[in-house]
Amino acid sequence: MVIPHDLTTLTAPEARTLLVRRAISATELTQAALDRIAQVEPAIRSFITITADQALAQAAAADAALGAGDPASTPELTGIPIALKDLFCTAGVQTTAGSRILEGFVPPYDATVVARLRKAGATFVGKANMDEFAMGSSTENSGYHLTRNPWDTARVPGGSSGGSATAVAAGEAILSLGTDTGGSIRQPAALCSVTGLKPTYGRVSRYGVVAFASSLDQVGPFSVGVEGSAMLLRAIAGHDPLDATTATTGVPDYVATIRDGIRGLRVGVPAEYFVAGMEPDVERLVRAAIDDLARLGAEIVPVRLPYSAHGLATYYIIAPAEASSNLSRYNGTRYGLAAVEEADVNRAMDLTRARGFGAEPKRRIMLGTYALSSGYYDAYYRKAQQVRTLIKADFDAAFRDVDVIASPVSPTVAFPIGARIDDPLAMYLSDVCTIPVNVAGLPGISVPCGFDGQGLPVGLQLIGRAFDEATLFRAAWAYEDATDWPRRRPPLATAATPAGES
Amino acid sequence: MTATATATATGWEAVIGLEVHAQLLTESKMFCACSSRYAGALPNTLVCPICLGMPGVLPVMNRAAIEATILTALALGCRIPEYSKFDRKNYNYPDLMKGYQISQFDLPFSEAGSLEFPDPADPSRTRRAGITRVHLEEDTATLKHVRDATGLAYSLMDANRSGVPLMEIVGDPDLSTADEAGAYLRALRQVLRYLGVSTANMEEGAFRCDANVSLRRPGTQALGRKVEVKNMNSFRSVVRALEFEIARQAEVLDAGGRIVQETRGWVDDRGITVSQRSKEEANDYRYFPEPDLPPVLTPPAEVDRIRARLPELPAAKRQRFESEYGLGADAAETLTQSRSLATWFEEVARLSGNPRAAANWVVRDVIRLLGATGGEIESLGIGPAHLAELVRLVDDGTISVRTAPEVLEEAVATGAMPASIVQARGLGQVSDATALAAEVAAAIAANPRAVADYRNGKATALGFLVGAIMKATRGKGNPGLVNDLLRSALDG
Numbered sequence: 467m468v469i470p471h472d473l474t475t476l477t478a479p480e481a482r483t484l485l486v487r488r489a490i491s492a493t494e495l496t497q498a499a500l501d502r503i504a505q506v507e508p509a510i511r512s513f514i515t516i517t518a519d520q521a522l523a524q525a526a527a528a529d530a531a532l533g534a535g536d537p538a539s540t541p542e543l544t545g546i547p548i549a550l551k552d553l554f555c556t557a558g559v560q561t562t563a564g565s566r567i568l569e570g571f572v573p574p575y576d577a578t579v580v581a582r583l584r585k586a587g588a589t590f591v592g593k594a595n596m597d598e599f600a601m602g603s604s605t606e607n608s609g610y611h612l613t614r615n616p617w618d619t620a621r622v623p624g625g626s627s628g629g630s631a632t633a634v635a636a637g638e639a640i641l642s643l644g645t646d647t648g649g650s651i652r653q654p655a656a657l658c659s660v661t662g663l664k665p666t667y668g669r670v671s672r673y674g675v676v677a678f679a680s681s682l683d684q685v686g687p688f689s690v691g692v693e694g695s696a697m698l699l700r701a702i703a704g705h706d707p708l709d710a711t712t713a714t715t716g717v718p719d720y721v722a723t724i725r726d727g728i729r730g731l732r733v734g735v736p737a738e739y740f741v742a743g744m745e746p747d748v749e750r751l752v753r754a755a756i757d758d759l760a761r762l763g764a765e766i767v768p769v770r771l772p773y774s775a776h777g778l779a780t781y782y783i784i785a786p787a788e789a790s791s792n793l794s795r796y797n798g799t800r801y802g803l804a805a806v807e808e809a810d811v812n813r814a815m816d817l818t819r820a821r822g823f824g825a826e827p828k829r830r831i832m833l834g835t836y837a838l839s840s841g842y843y844d845a846y847y848r849k850a851q852q853v854r855t856l857i858k859a860d861f862d863a864a865f866r867d868v869d870v871i872a873s874p875v876s877p878t879v880a881f882p883i884g885a886r887i888d889d890p891l892a893m894y895l896s897d898v899c900t901i902p903v904n905v906a907g908l909p910g911i912s913v914p915c916g917f918d919g920q921g922l923p924v925g926l927q928l929i930g931r932a933f934d935e936a937t938l939f940r941a942a943w944a945y946e947d948a949t950d951w952p953r954r955r956p957p958l959a960t961a962a963t964p965a966g967e968s
Numbered sequence: 454m455t456a457t458a459t460a461t462a463t464g465w466e467a468v469i470g471l472e473v474h475a476q477l478l479t480e481s482k483m484f485c486a487c488s489s490r491y492a493g494a495l496p497n498t499l500v501c502p503i504c505l506g507m508p509g510v511l512p513v514m515n516r517a518a519i520e521a522t523i524l525t526a527l528a529l530g531c532r533i534p535e536y537s538k539f540d541r542k543n544y545n546y547p548d549l550m551k552g553y554q555i556s557q558f559d560l561p562f563s564e565a566g567s568l569e570f571p572d573p574a575d576p577s578r579t580r581r582a583g584i585t586r587v588h589l590e591e592d593t594a595t596l597k598h599v600r601d602a603t604g605l606a607y608s609l610m611d612a613n614r615s616g617v618p619l620m621e622i623v624g625d626p627d628l629s630t631a632d633e634a635g636a637y638l639r640a641l642r643q644v645l646r647y648l649g650v651s652t653a654n655m656e657e658g659a660f661r662c663d664a665n666v667s668l669r670r671p672g673t674q675a676l677g678r679k680v681e682v683k684n685m686n687s688f689r690s691v692v693r694a695l696e697f698e699i700a701r702q703a704e705v706l707d708a709g710g711r712i713v714q715e716t717r718g719w720v721d722d723r724g725i726t727v728s729q730r731s732k733e734e735a736n737d738y739r740y741f742p743e744p745d746l747p748p749v750l751t752p753p754a755e756v757d758r759i760r761a762r763l764p765e766l767p768a769a770k771r772q773r774f775e776s777e778y779g780l781g782a783d784a785a786e787t788l789t790q791s792r793s794l795a796t797w798f799e800e801v802a803r804l805s806g807n808p809r810a811a812a813n814w815v816v817r818d819v820i821r822l823l824g825a826t827g828g829e830i831e832s833l834g835i836g837p838a839h840l841a842e843l844v845r846l847v848d849d850g851t852i853s854v855r856t857a858p859e860v861l862e863e864a865v866a867t868g869a870m871p872a873s874i875v876q877a878r879g880l881g882q883v884s885d886a887t888a889l890a891a892e893v894a895a896a897i898a899a900n901p902r903a904v905a906d907y908r909n910g911k912a913t914a915l916g917f918l919v920g921a922i923m924k925a926t927r928g929k930g931n932p933g934l935v936n937d938l939l940r941s942a943l944d945g
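Chains as they are written, first to last, in the numbering used here: chain G, 467 to 968; chain D, 454 to 945.
For the record, the hints were derived by calculation from the structure and aren't laboratory data.
Ideal Cβ positions, reconstructed from N, Cα and C, are used throughout, including at glycine.
Hints are all accurate, no fakes.
Partial selection, computed: residues in chain D whose CB lies under 7 Å from chain G: (1) Pro508; (2) Arg541; (3) Asn543; (4) Pro744; (5) Pro747.
Counterexamples of contact, computed for chain D against chain G with all Cβ distances above 10 Å: (6) Gly493; (7) Asn654; (8) Arg670; (9) Thr751; (10) Pro764; (11) Ala782; (12) Arg817; (13) Ile820; (14) Ala905; (15) Leu934.
So here's chain G without its partners, still in its complex pose (with noise of 0.2 Å):
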């Protein structure tokens, strides 16, 4: 293939063959990576810490690597550059979740995925911004800064991994990982006009993410192209003996089906994920989308998942549950925000509580501390543990007789900043069509189906059976191909920084 001018538009698969080939050298790669984030960070954000340092060293090694042998036995990131959502653990780098109150928390131990991502050899540009503590569909609830979408930077990019989201559509990086609890990784993958997988609950491990609902959270990545997110997916799943919740379940060579084609797949469309206030052009788009899964040789059958309406109140009650309890070990006794010049510690905690939790966090911890409380629990947590039963057994009936369920991922484009700020109950609405999917331990994958009347884009989402990944990655892959979405690339090229910047 031909070496390109600008090697911020490559895929991974791309970068991989021509890294294998010795065309271009990790140190390249990441160096354009960098000056890309220099030029569009202004404008973007896309970043609360940038690792450039770290960058160039795992790329000079990457290099190192890939001259000392088999360029093709190296492992199959070696050089690409990944932009890793600030959640993640990295040893020796700030990790804030986006919160005021870890500002300063350098962890001395590494998640799991970024062990595992360190030794495919990745480059890691830097840590992403995000809601804070993943709370949030628009990244403008992170304790640090806004995140512009590339589309419109007037516009949110979707959240909470909406740094991930824009580091990969305005080519600060090659590739990224997300977290996923309600859409966090979705819902911005499809504002932003790029691919975002959530894989099945246990399918890869959660040591050294910071929490926000713990049977909901789930690792993923972002890409351009749909290859990328398979390559990226591969490499980090698998069973963690640090996870007591992930799988034994092997893992299998996703890119190798990639390209085997839908013909004969079964794919079920659910009215009810066409819901009311859904903008005309979401639903047009993504119902194009499904017409063309059929002239690809599948076949579309309607199916029902009446129980999926209750998501969003399930989802609310169980996620702030878990959340209170996850959020309580952040009062400034040992890392993170203190506030040190309270003398009584029991008043220093609850200070330090006060100053660094946002607005949103509050809110979930009161909502979460409420549904657990004496007299309450059976109302709400419990109710809320039944319904989420019935919402899995809704997907089990449907996957008997379909393979995979497609469905709008938003049903809104990118929304102006500020627009839902003050309306949580709107801003909650942005993930009606992700939830039940986390509620249902699924997996869930993001891709751009196109353009609104504005420019803006749509995403499809496809819905997988438990711990069938592969097929996700497949039917996305033969509807991309059929496509030109993932060649259209934001118009950022000298981007200036837009006024009102917070």
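Take the given structure of chain G and dock chain D to it, following the hints.
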């Protein structure tokens, strides 16, 4: 299980239930690989991101701790449900690293067992109290409150203890006196030590007890308002605290007052309990299933495998010692105090071929010698072979019972075998009739008055003469032979 009604002097019956926390003697902590043997370690040296509750870390279950808990539950006759899980108990305190403790709420590893203990009111009988459940959780860090030279008060935190496996044994409210509580605790400690699951050392904090106490009129079934008593750091303080609390509640009720449901702390140096917090101030722990850990399945085959590891327990061992060796209840009780002492005794019994003599030696002399060192049987300077040899030396007449204790003490002091001590010090019994005949003749010659008394029918005079001969032989004369020789010399 209901308590035998025991009316107190004031006309009230106490209802006591005990909650015991015992640290498990596992190599590693409950949810991480750090060593759980923190005694003597420098503060914060046995820690890792997991037991420090750092961001993003996850717990991994310690199977050995789960097995020790189930083993204990089986020893207490509990039922082991096939499905169990961990839960989060949420509360904030600086010694709690995650802001929640991983514990067990509604589906513990075991339920519905019982514990037998000697009835303090009638030592010839035993009583039995119900065990509600045995479950597993994690210990907290320790805080040390200090004040510097300028008077500034501050606290130091040591996370070495954070995450050490902690087994909670919840007892039914089946006890009715402070002494019963003491007996129950001693019996429970003995079981834990027999199982080898815990040092169960109360002073070191490896065995902690909280008590729920209420009073009611004898013969009534309804429970009165209960008070939880904490901060009792020894068996003695448990008994004292309960005696105080029972008397305090009786006084309140007798004066027409009402008991406040609350937590009270025992203040040992003042000998009183003081209010710590009322029911209204009590924590709402907001328990919910621990999402970071899958449920724990213990199928019947697994329970059987663990049950096969159960050693002979104290009560069974006591009974066997009585029937197999013909020992009295007291001796059997003493010999089964600890599993190691019982094993030691049985080895002496086997090697000497004289279990009753072995029992007498252990109960009388060995326990006394241990008392001097304050240690376990392993700390005694000799092994079972030493005492067995001593028993044989007495049995075959080589030494007299009077000489033997001296030989034992020297063996304990030096570690030498009894036979070599006897030989080296010439302590062997004189059984040579010729040698003893000379001593007999000398004694008769030297004590004409006693001889005359004996011949005049005063039998005690014989004892005086025997004593004189034993004194002359420095205790080495074979007493039987001396008696025979003396009688034949006098009567002949």
